[in-house]
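Residue numbers (the numbering used here), protein chains in the order written: chain A, 24 to 390; chain F, 4 to 697.
In case anyone wonders, no lab produced these hints; they're calculated from the structure.
We treat Cβ as the ideally placed atom computed from N, Cα and C, and that holds for glycine.
Fair warning: there could be bad hints in the mix.
[What the hints assert, rightly or not] For lysine to aspartate or glutamate, the following EDC-like pairs were computed, each having C-alpha atoms within a straight-line distance of at most 20 Å:
#1 A/K53 <-> F/E264
#2 F/K565 <-> A/E50
#3 A/K382 <-> A/E316
[Unchecked claim] Quick list of the computed label-pair ranges, beta carbon to beta carbon:
#4 A/Q340 <-> F/R530: 24 to 34 Å
#5 F/A424 <-> A/S80: 33 to 43 Å
#6 F/G233 <-> A/K328: 24 to 34 Å
#7 F/S578 <-> A/R111: 34 to 44 Å
[Stated by the list, open to error] From the structure, some residues in chain A lie toward chain F, with a derived Cβ separation under 7 Å:
#8 I39
#9 A42
#10 I44
#11 S52
#12 L101
#13 D104
#14 I129
#15 S132
#16 L336
#17 Y339
Take a look at the letters that make up each chain.
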Amino acid sequence: MTTKTKKTTLVEKKLIGLADIVIQSAERSKDPTFQIPIRALSNVSFNERKGLIEMGSKKQERSFFNVGMAKKFMQTVLVADALSELQRADLTTSLREIYYRTKHTIKNSHENTFDTQDESDPVIEDLEVSLTALREELHVRAENSGSIVGPVVFGDDGDRVDCSKLGKGGYSVPSIVEPEYLEIRRCTADFLLLVEKGTQWNRLSEDKFWRRYNCVLLTGNGQPPRGVRRLARRLHEEQRLPVYVLVDNDPWGYYIYSVIKQGSINLAFESQRMAIPKAKFMGLSSADPERYELPRNVGIKLNEKDIARAKELMNYQWFKKPAWQAEIKRMLTSGLKYELDSLANKDFQYLTKKYLPRKLKEKDWLD
Amino acid sequence: MGKRKDSASEPDSKSSAPRSNSEPAAKKPAAAKAAERVTAVEMGARQREISVSEFFTKNRHLLGFDNPRKALLTCVKEAVDNALDACEEAGILPDVTVNLEVVSNGVPVAPSQANRFRVTVTDNGPGIVRQQIPRIFAKLLYGSKFHRLRMSRGQQGIGISAAGMYGQLTTGKPVKIISRIGSKAAAHFFEVQIDTKKNEPLVHENKQIEWEQPRGTQVTLEVEGKYQKGRASVDEWLEQTSIANPHVKLVYKTPEGETKEYPRTYHELPPQPREIKPHPYGIEFGMLLKMLQDTKSHTLSGFLAGDFCRVSPQLADEICKAAKVSPEDKPRELKGPVAETLYKTLQETKIMAPPTNCISPIGEKAILSGLYKQIKGEFYTAVSRPPAVYRGNPFIIEAGLAYGNRPQDQNKPQQPAMPKAEGEHEEEDSELARVIRYANRVPLLYQQSACSTFKAVLSTGWKNYGLSQSRGALPGGPMVIFVHMASVWVPFTSESKEAIADYDEIQKEITLALRECGRRLGLFVRRRERAASEFRRRNIFELYIEEVVEACNRLKGGTLPKQKLKEQLQKIATSRTGGTKTDQALGKTGGGPEGLPHSIIVTADGVEGETALATQVESDQGLAVPPAEPDLLGDTTPADEPASKENATKKSSRTKHLPKKTTMKSGQIAIRAGESKAKHPSKSAKTAAPRKPK
Ligand SMILES: Nc1ncnc2c1ncn2[C@@H]1O[C@H](COP(=O)(O)OP(=O)(O)O)[C@@H](O)[C@H]1O
Ligand SMILES: [Mg+2]
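So here's chain A without its partners, still in its complex pose (with noise of 0.2 Å):
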């Protein structure tokens, strides 16, 4: 627990240290500025050794006494201020909650401090670039939507949580899975399946699927939140368990894996800590339909948005191993997409009975 209090007071330090710019500049007559990085393509860099996205330097001034600047600047305040008093009473909180907290009329006006969420929750990722602190740090916590299933033991608040002996249902994986929240006692799981959707899941854990291979089932349910990525990232570096991707077959499920693997764009600070460098792609990959004999209707075409990400997938850079460009490739001269919900077409249970069982007995993945 010492350590929880530590590193709270230092982040509360650096939220306090916004206030000090903001005190020093009107003491000097200069206009109050804050440097946030860049959180964008053009500021990051994949690093090939470590296989990573890491974020580059550059940085953009938001000042106070800028008329397009103002008004954010303002909000950066009321943010830093709200994180700040969850950081004193050591609660956690949503996005959506900082946005209601935050949110006021501002006094002699008709102007609200923010007008949506789409304006608080920038500035909070602009605070944990600037600040370099990780959003569960900040105390604010996604929404709880992964499950997990398998023989895995977690201590949660003093909790003994069997993953095996939950029934299919399984384990809610919380926001927060860092080791002062979450423990991990026990695993002995041989991988880790990472699956894109939660009827895959559901499927895998119904059929038991993880008591025959040994593994953990572990879904996201489309985008896997920040828990679910830092637990794979945990079970991956603590336990030394594999991960392997299940997706749909389309840019959105490639874009999932990537995440997955090197991290994402927009918090590329933060890939240290959740990429999984060495995760596989398990599938849907562009080839199976023809090497598992899934009939063209069952697939969708490709829609002019879907076309145009997968083009500039291809131009990422940790897309450019020979493997994906042909991958990539063939998805677009099909011209169809196949969601993993399309196997069921062959089996109810073909994921499980068929899919899978080949795709491990071959090593059918791509890196």
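Chain F with the ligands: place on chain A using the hints.
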């Protein structure tokens, strides 16, 4: 007053009013059974005189009596027009009172429900000689203005008698007149009606009475009508009249018992327009034939030189030569193709434009004064164009603008901010400009979209001047656009005199005047916007400073010297947003005594003639609150006058009453404080907001 001729001898070329009843009657087509053949004898049996009342009933819409509401306005208008014409012609500053009363038969009715009204218009004009009174008020087509080319409100000698006729037809009541031509003469009271068969007056009552006024005329009409405020109402017409005639003191007693006073703010009569002879370009062939018959000259060249303007004897000979007629020919004998050739030659010969002293524009300063008096705004400007000519008729176009909201209206106490939920936004204003149109100083309230003035407003690119404007629409914003056409003959689209016809020359002049107004407005709007955006910026900063300081204080655990931080930040804000200049430009620094409204006026003489006008005290509910001095002082100095002299003139005009006929250059007529100053000597000490040194 001018000479009068019997209208019976003059066919009326312009109006569709009937020729006099002594002339052969118009033929009526056999309408009943179209298929049947009718003999000349049968037709002859039906051919008879049309009585004026019959004519009037059929054509009342042509004369402005289409419906009860408009009829009431027309009655007021005819009487007021006459009063103003008469006063101006006699060189008297007009004092006119309009009294509108509900006539009820015992049971009191609300003005909005009433259908019968008594209209009484009283003036301090020259009065009317006793013998003429019956014919003026009870004989159609009898007047002093038709037979001459001179600018006036009335033109056709049909106005007041038509109103009397309308009253007679709708209520059966006679017209009552009191008139007195001077303090030494007696006041005469008349009650007259029209003999509708003969178009001759019937005198019911005629006596000498005691009258409190030393001079002037009072007309009382009882008519069927409808009183409804708003657009095209009596109230609007009188208000607009007062804008274009700031030399008039107008008192209006409304049917609701309210007294509205429109004070005189301009103490100089408009210059007397001269009478002119017709210009050859302005006549039609038929008119030429008639002139050839009527002329007193015995030779053609004498006729041309004597009956037209701008035709010298020498030019007359040249015209005759070109038309291959002898200058010695008798005008009366010129007929047919020969006359036609003469007409063509007249139109093709290069003849100097007509003299323009026959029209008297309102003048830029008077327009400013009128607009300022009646319309609350921040910016006023006015333009009088030089005289121009259409079809041989000289005319002058004048335009003006009143723009914006007075500062005291802008600073309405802000409503306590109602917190806005997600997705809610501030409502936006979509007010459009208003056009007020005038012909010879008379407001035109109907048929706006058919009017040349309105078309010119629409086709002006107001976006160039910093206003919003959708395609083919009026510009947006709080603005009144004033357009006046002054001419010896205003070309109306119809007899009801509601819209000015679309001559290219007229359009062009209106457009030029509007553009000049717009250009000046553009300067003003841009300057104000610059200041306002600086102010808005600072305003934003000031709003946010509060938030930032509070948040910093909480971050620092509540130990911050908040006031100090706030002041430091405010100082930075001010230094980054134009500083005190913004305050000044927006008029936020001190409004002077009595919170003088921040008014800026640009006149033609000044590039950015910035003038602060003294406050206009609202005259409320018949309280005889005198108007404060709307001092148009501080206008820029004309280039040809040394500044010091100019100032001296102004000073004297401010401190003492100049005799009525003081000669001043027309461009620099100072608007003097009226009687109000004598009653409130303290006021004269207060001057308008300080003038910027040039
Ligand atoms: N209030 C008045 N004071 C003096 N003269 C008047 C007044 N009202 C009318 N008149 C005279 O009566 C004439 C007829 O008036 P009106 O019928 O309105 O025709 P118009 O105004 O077109 O000439 C005017 O031309 C004017 O000479
Ligand atoms: Mg008249």
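**Study point:** Restraint check, 7 Å cut-off on beta carbons, for A/L336 near chain F
**Key:** This hint is violated: A/L336 lies away from chain F, its Cβ roughly 34 Å from the closest one there, beyond 7 Å.
Point to revise | Pairwise beta carbon distance, F/A424 to A/S80, judged against the given window 33 to 43 Å | key: 41 Å Cβ-Cβ, so the 33 to 43 Å window holds.
Check your understanding: Hey, does the A/A42 contact hint survive, CB to chain F under 7 Å?
Key -> This hint holds: A/A42 lies near chain F, its Cβ roughly 4 Å from the closest one there, short of 7 Å.
Practice item. For the hint on A/I39, just tell me whether its beta-carbon gets within less than 7 Å of chain F. Key: holds (5 Å)
**Study point:** Satisfaction of the hinted span 34 to 44 Å by the C-beta atoms belonging to F/S578 and A/R111
**Key:** holds (36 Å)
Practice item. For the pair supplied as a hint, A/K382 and A/E316, confirm whether the alpha-carbon distance does not exceed 20 Å. Key: OK: A/K382 and A/E316 at ~14 Å, within 20 Å.
Check your understanding: Given A/I44 as an interface hint, is the shortest Cβ-Cβ distance to chain F below 7 Å?
Key -> Given a least distance of 9 Å, the restraint on A/I44 is violated.
Review point. Once the shortest beta carbon distance from A/S132 to chain F is found, is it less than 7 Å?
Key: At about 5 Å, which falls below the 7 Å cut-off, the nearest Cβ of chain F leaves the hint on A/S132 intact, so it holds.
Check your understanding: Does the Cβ pair F/G233, A/K328 satisfy 24 to 34 Å?
Key -> violated (56 Å)
Review point. With 7 Å as the cut and Cβ atoms as the points, is A/Y339 at the interface with chain F?
Key: Violated, because the Cβ-Cβ distance from A/Y339 to chain F comes to roughly 35 Å (cut-off 7 Å).
**Study point:** Given pair status - A/E50, F/K565, alpha carbons within 20 Å
**Key:** holds (13 Å)
Practice item. Mind checking the CB of A/D104 against every CB in chain F and telling me if the closest is under 7 Å? Key: holds (4 Å)
Checked against the numbered hints listed earlier, the structure breaks hints 1, 4, 6, 10, 16, 17; every other hint is satisfied.
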